[in-house]
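Student: If you want the building blocks of each chain, they are given just below.
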Amino acid sequence: GNSVTQMEGPVTLSEEAFLTINCTYTATGYPSLFWYVQYPGEGLQLLLKATKADDKGSNKGFEATYRKETTSFHLEKGSVQVSDSAVYFCALSGRSGGGADGLTFGKGTHLIIQP
Amino acid sequence: GAVVSQHPSRVICKSGTSVKIECRSLDFQATTMFWYRQFPKQSLMLMATSNEGSKATYEQGVEKDKFLINHASLTLSTLTVTSAHPEDSSFYICSAKGVGSYNSPLHFGNGTRLTVT
Chain A
34 GNSVTQMEGP VTLSEEAFLT INCTYTATGY PSLFWYVQYP GEGLQLLLKA
84 TKADDKGSNK GFEATYRKET TSFHLEKGSV QVSDSAVYFC ALSGRSGGGA
134 DGLTFGKGTH LIIQP
Chain X
25 GAVVSQHPSR VICKSGTSVK IECRSLDFQA TTMFWYRQFP KQSLMLMATS
75 NEGSKATYEQ GVEKDKFLIN HASLTLSTLT VTSAHPEDSS FYICSAKGVG
125 SYNSPLHFGN GTRLTVT
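These protein sequences, in sequence, are chains A and X. The first sequence begins at 34 in the working numbering and counts up one residue at a time. The second sequence begins at 25 in the working numbering and counts up one residue at a time.
Next up, chain X with everything else stripped away, as it sits in the complex (with noise of 0.2 Å):
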């Protein structure tokens, strides 16, 4: 079945440096992404819609300068989180969707946990 590979799985990172995941669509071409962010107990909350060749779609509340998000192909988006802070640290998925029919079904990858320090 279709994969979505989301790499690292867990990051550390000091506060104020930067941190880069990544969701690759491995089996099929995605022509949507979506990033969502998952706090402890909480449901997941989406972040932005990524499509390919065109800029981000953010959610109201979602800062665009902090989290960047590049869709430069049909297999790989990426979310930057810039300038890391302590209350950044959380869980984020990415999902994708595939090319053609709207009826394409949703595939998650298995998530990055993110630690700022």
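For reference, chain A alone in the conformation it holds in the complex (with noise of 0.2 Å):
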């Protein structure tokens, strides 16, 4: 069946540092691939996604590139703030095309961003 890893955290990072949080999957044909950002007390936000290989998602700064020569899709961003602090989801949903039905969810990423 499919399943997302993403890097255990919590990380914490001073601000204006580079992040990445690694992300690989395991899926059958050619799923779509998504980051939620999850703030504390409330749902999550679609934050950027990618529909086919070699796609890059991107959104406030962040970005991410579809590999799927290493099944990843791991989320960079050049410069963090402290409002960037929450947890991150890399997702993946079973449709190619980018449908999203009931995703498969990685366990999260606490992303700690110190002034």
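None of these hints come from the bench; they were simulated from the model.
Straight-line alpha carbon distances no greater than 30 Å define the calculated DSSO-like cross-link-like pairs of lysine-lysine that follow:
| hint | chain 1 | residue 1 | chain 2 | residue 2 |
| --- | --- | --- | --- | --- |
| 1 | A | K140 | X | K44 |
| 2 | X | K79 | A | K140 |
| 3 | A | K140 | X | K65 |
| 4 | A | K110 | X | K65 |
| 5 | X | K65 | X | K44 |
| 6 | A | K101 | X | K65 |
| 7 | A | K93 | X | K65 |
| 8 | X | K90 | A | K140 |
Dock the two chains into a complex; use the hints.
Tutor: Printed below as a string of structure tokens:
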């Protein structure tokens, strides 16, 4: 079945540091890949997505590239801010083409940015 | 943008009672809604998929008689935790997908923190 593995947290960085959160996946076919962000006490918000190999999703300075050869979708940001502190979830959907069904999520990575 | 409202945001109930959680799509029609459960420091686990006007599809290991799902309209799905016990305490999140294209994005509610005492 489908599965998502992402790096364990918490990840603690200083403001303006470079961020990488690793995500690898196992899936049949050609899934769509997503990063969601969850702020304290809130639900999930879609941060970015990619629907096919070599696609790059980007939003709010974050980006991730769909790498089929390494089955990865690592999240990066060049300069983090305190307001980026949240839990980040990597996820995949079972369908190709961008449809987001009942997603399979990674365990989440808690990111803490210190001023 | 599309909004999904989940209510209540927090509920405390006594063991043995039932609790209903509502999930509403406020500005779009949702043919499909999903219910997730999230344990502390764990990922979201899909519990069930709910399609308007039909029975929900439950994931393996989820008791359908305990977690009753009703999706009576295109804007409302409810999850009822029946005869709740302390081990049912968790964060429950719904998500909804719009009508039409299967490329429609998924929109999440803000979750419900259930505490069973």
